[in-house]
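The listed protein sequences derive, respectively, from chains A and B. Its first residue numbered 1, the first sequence is counted upward by one per residue in this note's numbering. Its first residue numbered 521, the second sequence is counted upward by one per residue in this note's numbering.
Keep in mind that the hints were calculated from the coordinates and are not lab data. Treat the hints with caution; some may be incorrect.
[What the hints assert, rightly or not] Coverage of chain A stretches by chain B, computed from C-beta distances (three or more under 8 Å per stretch; other residues unrestricted): (1) 103-111; (2) 234-246; (3) 470-481.
Built from N, CA and C at the ideal position, the CB exists for glycine as well.
Here are the chains, one letter per residue:
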Amino acid sequence: MSTPGRRPIVFLLWIVVILFILAQPAVLVASDQQQNISIDDFAVDSSLESHPATGHMEPEGEATLHEGAHGHADLGPILPLWSCVPFACMLLSIALFPLLAPEFWHHHFGKVSGFWAATMAVPFLFVYKGTAMYEIFHILLADYVPFIILLWSLYTVSGGILLKGSLRGTPLVNVAILTLGTLLASWMGTTGAAMLLIRPFLRANNYRKNRTFMVVFFIFLVANVGGSLTPLGDPPLFLGFLHGVSFFWTMHILPHMLTVSGLLLVVYFFLDRYHFHREAGRVPADEAEKTPLKLVGIHNFIFLGGIIGAVLISGMVDWGHVNVLGVHRGIQDWVRDGLLIAMGLFSMVTTSLEIREDNDFTWFPIIEVAYLFVGIFITMIPCLLILKAGAHGHLAFLINAVKAPVHYFWITGALSGFLDNAPTYLTFFNTALGSHYPGMAEAQAVPLLMTEKILYLEAISAGAVFFGACSYIGNAPNFMVRSIAEEAGTPMPSFFGYILKYTLVFLLPAFAVVTFIFFF
Amino acid sequence: MRFETLLFHTRFRELAFNSLKTVLQLKTAGLKKVVLAHVIPRDDVAFVPYGGTLKADIKRLREEARVTFDDWIQTIADSQLIFTQRIEIGAPNAKILEMAEAEKADMIVVGRKKRTLMEKVYVGTHVLDVLRRSTVPVLMSKYMVQYEWQGESLMRTNEQIWKRPLLASDWSDPSRRALDATLAMKPLVEKIGVTHVLGRRRTKNLEAAAVQRLEAESERRLRDYCQEIEAAGIQAEPHLAMGRTVEAILKMSRDYGATLIVMGRTGKDWFQEYWLGGVSHRVAELSELPVLLIP
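Take the sequences, apply the hints, and build the full model.
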């Protein structure tokens, strides 16, 4: 392992140590005592009594507020809409700063994220005290920490696998690479699959003149649509999994994914064939010599299997709960997070530095995600609470407007295309819960959503994942792929060029087809 | 061993040019070509969060590096030396090693990182990583250094670095090659100190007689090294020390008045090398002298 690699390890170890110290093992609660009280339940069931063992801080002077399942006040119905302003500013910062002041953003994006988080958290804590503190701890411990740990482990493990050798990019070979990437994305994450294949894909096509459309379709398929089948594929689905959606439920998206992927691959093939014949029509003789393909660092597939196993296990077992800072989380969830960290560490220790360097692996992209998402998660607390309040909250007009699956698909999607798709998914996931099962604890409502309102959850899941391809800011790997392609000499369209030339022309028609087939 | 091609990597820190000038004294020992290298760290210019690559910055950084290198070459104005430039973007360590291989460099020169406003001795982890992984000798240059010695804060400027090298040997193959490397600097060298430290761990549980036998054996080997050096026409001075290896080498280098420490990079234990640092790396990290590590 490289010495520079110590920093993220030390960072992770610190998180683990701090969380371990903060945990209160004495407050272990048997799972059978927890049946009615989900760890993720900060929903709006005022009929439930305060949980006796939570130990989190009660708000003072809030007698008029509703009480949630854990005895903390339910802020959803009373929070004003303007409390979502920091969230909007956070997302606007992500959208605009890179375009308007890229250098400032590059050096200070962490501070910007911290600033917006503070503008939400400080007044929130001042006004709602203990309840606000609970909400912040809850979103950090139950959502942010596992989310980052999963991304980190997938990123680390996939960054240790390198495809060497020479591929020559003919239309058929390119379609094969894109298909492989689409299939892998659900199992190693869109970020992992994109990082694994983008360089071989670019190398394979370095003799071609027009490569821009290839990278764009790579973003469509590998960095987005392909990740829709499991919670490992894309962060929004993992957040859904954390909130009780079973691991393999997302396989329901398979027909939708096959439709979009099939359409895009067919279009890609003809587009590629057109350009291929227009340019040279064949691989140049001096380019035809091939070095056999070889996967290096394949032992990382074991760790990838370990990650999948850990995620699966945590969804299948119930080992009781542990109270950390008043937030109840399943022991199996902590164990899963520990295993994910272990898989990442094993990968770092056992993979030669040269493989990572040949992969152009750096920690920057994951650090970027960690910094930005802490701001996103904290600032979105009011939005989530208001949406969860359903018709009782100040976003009742939106909740009332989003009714049919087609609405969920397009609205979740449209927002995911320009905002981040993980919080967007969570927002509409909660909207669906609030609309269909108002006042019901999340642990009870989610299984009902998965079975009774299956079309709604399909629409939210597909919308959040698919539409991430609509713009560079829709999903984290989109920009990483763009950067790598530009670095390798492939010109890429501008932010709006991407949308006008590719999203509107290729993606939206494919989504329209999906809408007519599945959501009408 | 000969040092004909040199890869001088710089991040354009203060005194980098002075450092280059001291290294160029190797011309007397056969240096012919100098590759001036600068790596723009990819993280500084690419992966701007949601912003793509900073193309204008890349262009500017490349141009700045080129202009500086041109200026250096012009200032040195040595027609007997061939200067080339390489300015690349990527992971610095990997690029340095890649460039050294491509240029068939006989030695890589890297600088240390300045820790504070004061010029304290500090070696960045990136430099240590190059030391660990290079298959060619690596010189860690330290032109001006502030350091603590016996409670005093001292300043040292290393200008005549090749004059009095101290060869720290553990009799391993890399140590053997370190001797060859030191001899290759012959025209520049006034005297070579050869030292061996009987480490505390080795002597801790030994009886006095066994320790004496070890001492005798070490002195014999030191004499052999010195004879070889003297046979090459250079003065040699043996020093046997006992105690903590790193501290003993540092103390010896000061007592002897060394200008450079030359060591073989033994790489005994993988875990220790990477996490705790081997003796050679600790010396490179802590010494106020330039350190030449031979793989």
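Hints and how they fare:
1. 103-111: Coverage by chain B holds for the region 103-111 of chain A (4 residues, Cβ < 8 Å).
2. 234-246: violated (count 0)
3. 470-481: It holds: at least three residues are needed, and the region 470-481 of chain A offers 4 whose Cβ sits within less than 8 Å of chain B.
In this structure, the one hint that does not hold is number 2.
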